[in-house]
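Kindly produce the complete structure, drawing on both the sequences and the hints.
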Amino acid sequence: MKARDKEEYLSEYEILKKKGKSFFPYAIVKDSVMFVLVAAVLILMSIVMGAEQGPKADPTTTTYVPRPEWYFFFLFELLKVIKPPALVPLATIGIPTICMILLILLPFYDRNPERIPWKRPVASISGILVIVAMGYLTYMGASAGSPNEIELETAPEFEQGKQVVAQAGCLACHNIGENGAEGGLGPDLTEIGAMLPREAIKRSVAIGPGIMPSYRGLGEKKLNEVADYLASLD
Amino acid sequence: MALKIPIPGRKKESAPEPGDGAANGNGASPNGTNGDGPTRAEKVAKAKQATVHHGTAAAKNTTDWLDERVNGTGIYTAMLSRKVPKGTNWFYTLGSSVMFIFSMQAITGVFLAMYYTPSATEAYSSISHITNEVFLGEFVRGLHKWGASLMIILIFLHMARTFFFGAYKYPRELNWVIGVVLIVLTMVMGLTGYLLPFDQRSFWATIVANNITASGPVLGPYLADFLRAGPDFSATTLSRFYALHMLVVPGLIGGLIAAHLFLVVKLGTTAPPWVKAPRPKGSRPSELVPAGVPMVDATEMNLNGHSGNGHVEVSENGASLPTAETDGAAEGPPSEGEAS
Chain H
1 MKARDKEEYL SEYEILKKKG KSFFPYAIVK DSVMFVLVAA VLILMSIVMG
51 AEQGPKADPT TTTYVPRPEW YFFFLFELLK VIKPPALVPL ATIGIPTICM
101 ILLILLPFYD RNPERIPWKR PVASISGILV IVAMGYLTYM GASAGSPNEI
151 ELETAPEFEQ GKQVVAQAGC LACHNIGENG AEGGLGPDLT EIGAMLPREA
201 IKRSVAIGPG IMPSYRGLGE KKLNEVADYL ASLD
Chain L
1001 MALKIPIPGR KKESAPEPGD GAANGNGASP NGTNGDGPTR AEKVAKAKQA
1051 TVHHGTAAAK NTTDWLDERV NGTGIYTAML SRKVPKGTNW FYTLGSSVMF
1101 IFSMQAITGV FLAMYYTPSA TEAYSSISHI TNEVFLGEFV RGLHKWGASL
1151 MIILIFLHMA RTFFFGAYKY PRELNWVIGV VLIVLTMVMG LTGYLLPFDQ
1201 RSFWATIVAN NITASGPVLG PYLADFLRAG PDFSATTLSR FYALHMLVVP
1251 GLIGGLIAAH LFLVVKLGTT APPWVKAPRP KGSRPSELVP AGVPMVDATE
1301 MNLNGHSGNG HVEVSENGAS LPTAETDGAA EGPPSEGEAS
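From first to last, the protein sequence lines stand for chains H and L. When we follow my numbering, the leftmost residue of the first sequence carries the number 1, and every step to the right adds one. When we follow my numbering, the leftmost residue of the second sequence carries the number 1001, and every step to the right adds one.
The hints are simulated quantities; they were obtained by calculation from the structure and are not laboratory data. Treat each hint with caution, since some may be false.
In the DSBU-like style, the derived pairs of lysine-lysine whose C-alpha atoms are separated by at most 30 Å in a straight line are [as the list claims (entries may be wrong)]:
id, chain 1, residue 1, chain 2, residue 2
1, H, 19, L, 1276
2, L, 1266, L, 1086
3, L, 1276, H, 119
4, L, 1086, L, 1276
5, L, 1266, H, 18
6, H, 19, L, 1266
7, H, 221, H, 202
8, H, 119, H, 30
Here are the in silico distance ranges between beta carbons for each label pair [what the hints assert, rightly or not]:
id, chain 1, residue 1, chain 2, residue 2, range
9, H, 100, L, 1110, 26 to 36 Å
10, H, 25, L, 1218, 43 to 53 Å
11, L, 1234, H, 2, 51 to 61 Å
12, H, 122, L, 1119, 46 to 56 Å
13, L, 1235, H, 2, 57 to 67 Å
14, L, 1239, H, 2, 46 to 56 Å
Glycine included, each C-beta is placed from N, C-alpha and C at the ideal position.
Structure follows, in structure tokens:
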């Protein structure tokens, strides 16, 4: 911004300020109306949704798939979008750091004196794109559902296996019905029973082919339950 | 020094108490520590003459007493009777809403801290106690929990307003930087607060967040070790998050809000960018012309490559107009000593 632009802005601003109203009471009244509105929404949210308490933290369950607070969904989804494990640190730390630096330094590289949004299209379009991207990633994270729950109906004899699958964290990489990681690291398991025989499924779960970790630690009984359940999916 | 607020009525007759002379501003006080002594004395004397009834006199005396010490009137003038520019609309309430909800979080947080135990063995049960037994416990916990979400929404809306209105540009660049740091700190509050209920969800989300931190470049592993209070998640981790959540980060946020507000008051809030000052064509506002700076006419400006749109009021040699310095003077009556 050149000295000329600065002076022009300052003198323009001085006039607008002289023509303006006093902060008290005019702006204060607007602020107060907004405060009341915010407080009302907050009280309503607290009454309607309350503050439920989940099961107590248990460091020995190594299979719980965590979900962050909704405003971190976009970071988590970013993690899923970038698949190669070597690039994961880039997604989690690199990209947010770069975005943060770009955000902090915004006034120092955007030196266009123009302020009207439609007269600085590059800035406005970039801003809208960032908002759309964050909104989309947040929506993706929100619609993924709980990774520890499978909503797909199943016969009662396979219920046990379904619980194990849900709790073991399979849905972090796989998709089953409406739940899990759609387009995640692992293949969709919704119809896995039609593709693989029960024994092959059991062997895969125990060994963990490719990048999949081994789940032999579940024990023979649970492995059988898992295999029974997955083989029933067709 | 004991604080003594002069009581009207008594003060008028009785001789000033020893040590109270300066406090009442009675005439020329022997200790001339007040830089602006004479004017103060005059003012007080005037106030005394104007004592019509006790109510006003009391208010006047209290104001004077405070003015001498903290310049209350100056602060009032700078903070409250400052002008907001023409065109200020509802978008400009977002910032103060964020501050409002931060105070709500502080208040509900204090009440939660009264019942919460930051230990790995008792945290969960203390939360159960708050939720199920304490009077209005679940309500206050709900306010705190949802207040966090609301604060995030409002702070991002506030940032979006600032971005699309171009309000981060000259001369408010520093306030943008402070604002971005405040957003990051608010997210840190969300992260550290998430662990405190100590249920499965919060525990494992924190483990993952920590592992993500550890995968960061250079400082990542050290930062993760610091957060965990060691190489592994332990009982100390919880109390560490607790200390960060209720002492360190809120302290930083409070301080930065003060700096943010100071700059807002000093520089003024922006007008919406499409609101322009109406000005007769080709003229420059007389009050902005500094003495001795020649008027520049439109044709001259055109030679310099500027369209003569009538908005240009800069002298050729780039001599700065006095507008930059008129910050305080323009707002309110120029009372003795603006808050600075």
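Task: Index of numbered hints that the structure contradicts, given in increasing order - done: none
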